[in-house]
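Just need the whole structure built from these sequences, with the hints factored in.
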Amino acid sequence: MAKVTINETLCKGCGLCVDACPKNLLELATDHINAKGYHPSTMKDQSQCVGCASCAIMCPDVAITVER
Amino acid sequence: MAEKVLMKGNEALAEAAIQCGCRHYFGYPITPQTEVAAYMSKRLPKEGGTFLQAESEIAAINMVLGATSAGVRAMTSSSSPGISLKSEGVSYIGGSDLPALIINVQRGGPGLGGIQPSQSDYWQATKALGHGDFQLFVLAPSTIQEMVDFVSLAYEVGEKYRVPAMILSDGMLGQMMEPVEFPTKKDEPVADKPWATNGHQNKRKKNIINSLYIQPEELENLIKERYERYAKIKENEQRAEEFMCDDAEIFVVAFGASSRVSRSAVMQARAEGIKVGLIRPITLWPFPDKTIEKNVDKAKKFLCVEMNMGQMVDDVKLVVNGRKDVEFFGRTGGVIPTPAEVLGEIRRLAGKEN
Amino acid sequence: MAVVFEKPKALADVPFHYCPGCTHGIVHRLVAEVLDELGVEGQTVGVASVGCSVFSYNYFNCDMVQAAHGRAPAVATGLKRALPDNVIFTYQGDGDLAAIGMAETVHAATRGENITVIFINNAIYGMTGGQMAPTSLPGQVTQTSPYGRDVKTAGYPIRVCELLSTLSGTALAQRVTVDSVAHVREAKKAIKKGFENQINKRGYSIIEVVSTCPTNWGLSPKEAINWLRDNMLPYYPLGVYKDVTAEEGGDK
Chain R
4 MAKVTINETL CKGCGLCVDA CPKNLLELAT DHINAKGYHP STMKDQSQCV
54 GCASCAIMCP DVAITVER
Chain E
9 MAEKVLMKGN EALAEAAIQC GCRHYFGYPI TPQTEVAAYM SKRLPKEGGT
59 FLQAESEIAA INMVLGATSA GVRAMTSSSS PGISLKSEGV SYIGGSDLPA
109 LIINVQRGGP GLGGIQPSQS DYWQATKALG HGDFQLFVLA PSTIQEMVDF
159 VSLAYEVGEK YRVPAMILSD GMLGQMMEPV EFPTKKDEPV ADKPWATNGH
209 QNKRKKNIIN SLYIQPEELE NLIKERYERY AKIKENEQRA EEFMCDDAEI
259 FVVAFGASSR VSRSAVMQAR AEGIKVGLIR PITLWPFPDK TIEKNVDKAK
309 KFLCVEMNMG QMVDDVKLVV NGRKDVEFFG RTGGVIPTPA EVLGEIRRLA
359 GKEN
Chain C
491 MAVVFEKPKA LADVPFHYCP GCTHGIVHRL VAEVLDELGV EGQTVGVASV
541 GCSVFSYNYF NCDMVQAAHG RAPAVATGLK RALPDNVIFT YQGDGDLAAI
591 GMAETVHAAT RGENITVIFI NNAIYGMTGG QMAPTSLPGQ VTQTSPYGRD
641 VKTAGYPIRV CELLSTLSGT ALAQRVTVDS VAHVREAKKA IKKGFENQIN
691 KRGYSIIEVV STCPTNWGLS PKEAINWLRD NMLPYYPLGV YKDVTAEEGG
741 DK
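Protein chains in written order, with the working numbering: chain R, 4 to 71; chain E, 9 to 362; chain C, 491 to 742.
Derived from the structure by calculation, the hints contain no laboratory data. Just so you know, not all the hints are guaranteed correct.
List of simulated lysine to aspartate or glutamate pairs, EDC-like, C-alpha gap at most 16 Å [unchecked claim]: (1) E:K214 with C:D503; (2) E:K168 with E:E236; (3) R:K6 with C:E496; (4) C:K497 with R:E11.
Computed from a predicted model, the values in this text were never measured in an experiment.
This is the structure:
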């Protein structure tokens, strides 16, 4: 069981986490933007997440916290 | 009573720095100041200090910035072309409100110039050693004893007001030897430097030493605060010597090496009955306008004697403000004026035959 | 559930100004993680350089000093000589370290200054809008090489790790990258080794991080990662170019 929390304020929608996730669980939101106009990364299916933290490791904005 | 030692100017400067707690010297060889570095290279390791011959004068001034950020007394020395190299670093030091000691043993310029003494870096030291609105506290020694005494003064004033300091010497003072006394009371560095970046040890907030302020209003406020400190320096730290000025009508104004020549000329002129005195600026920044001002009314003429094409004369003219004639006599390129030449000028101003 | 990944303590709570996908952010985080793991934030003084990372003094929680362009190794030298028991690092880009600062870089290395140098090599000058860098590749189009870098007039790129590995004062010269999770982990190990070397007084350590600049390369973050793999890594091979601790068969 694992939980990924993405700080939408810090996220710049760069997409590196989306590519890093080995299970393709992340995507850039299409239905909303943050205050800076970026499409933040969002978790599609938390239940599949194993907490590998690959997303957090690749995030250049330290926007992701991972719990396991 | 302290013992007198016969020392060469450059070496006396270095020894004075060590005696007032400077343990970090960063420099580069250049004539006529290399003895400062050579002396430091022998003495500092024995005092557990750092002597580092840097890869360039640019690297040396930046090493001074680093060391002084840590809260220690640091120093560099060079001569005219090397001082030009340091400009940017000095601006960063001034813009970061750091104390530091920079020695310029002036030589003929511009460019590679010559290796004989000059005073042609006056403007650089007092108006333009680096871009931006800032000043250095500038001292002009005229004897080897002053070379010694001014080192602790430069550090004290620098640390009190958080301003870098320069001792503007020249090749003649650097190379000559005179007996000197070192003060028996050793200066302790100002203990408290709460702004220093020496590791917060988790006991205080982090310190940042910086000169970058992207918001114009913030930068302006910082500069204005810095200028309030400069105003205090101007008020409290001007220094000058008045020699035979009490009843003088002609005032020779000269600093450093040219003041030695001028002093001889003034004495000879007095022996001929000419009422002449010497005002010798000791601080070049702040310029001792109070001393000039108090003599303007009784003066008939001012004669500035410099080893350049006329730099300090502008500052005298600013104070005199058109009220009296201000004339200039100078030699440059490394040529030292003779007392006879200066005497000739004094006689000319006094209306006497030469 | 326990937290297994969060912002390191040595990193300030200040959002980065870097472009989306810029790998500066990853490297800042790695440096902060290492400072946390080694427990040295309180003794550390970082030296900020001039480039996109000019505001790094806002991003780290240790004491920071801002240096002039290229002069960080000299400022670091002054700091280290005044504070020999503290931890001093510089964080520099390719213009700062290998153009204007090349003399300071080489001499700090050859003196074996006990400092740690983090070198961000993205083959371009980011802050000033994408000009050619000493590490820009032959044929690379930049603002000041609009027809592609012509080696006949602009010369060849400099391989800094290889250059510094020839100097006896260099304790560690390692080139890493941050294009993948595996490589980020290796980069962190190298950075940690660089700081440990300093603590163990082994000499000068430089970790060259091959990085992206999506904005000035004119690519998306993902495309930039691919460009890095296809073009940068063949010219700047990853690896250890000098490691005195390895030569001695390991430290401690």
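Original post:
Does the structure break any of the earlier hints, and which numbers would those be?
Top reply: none
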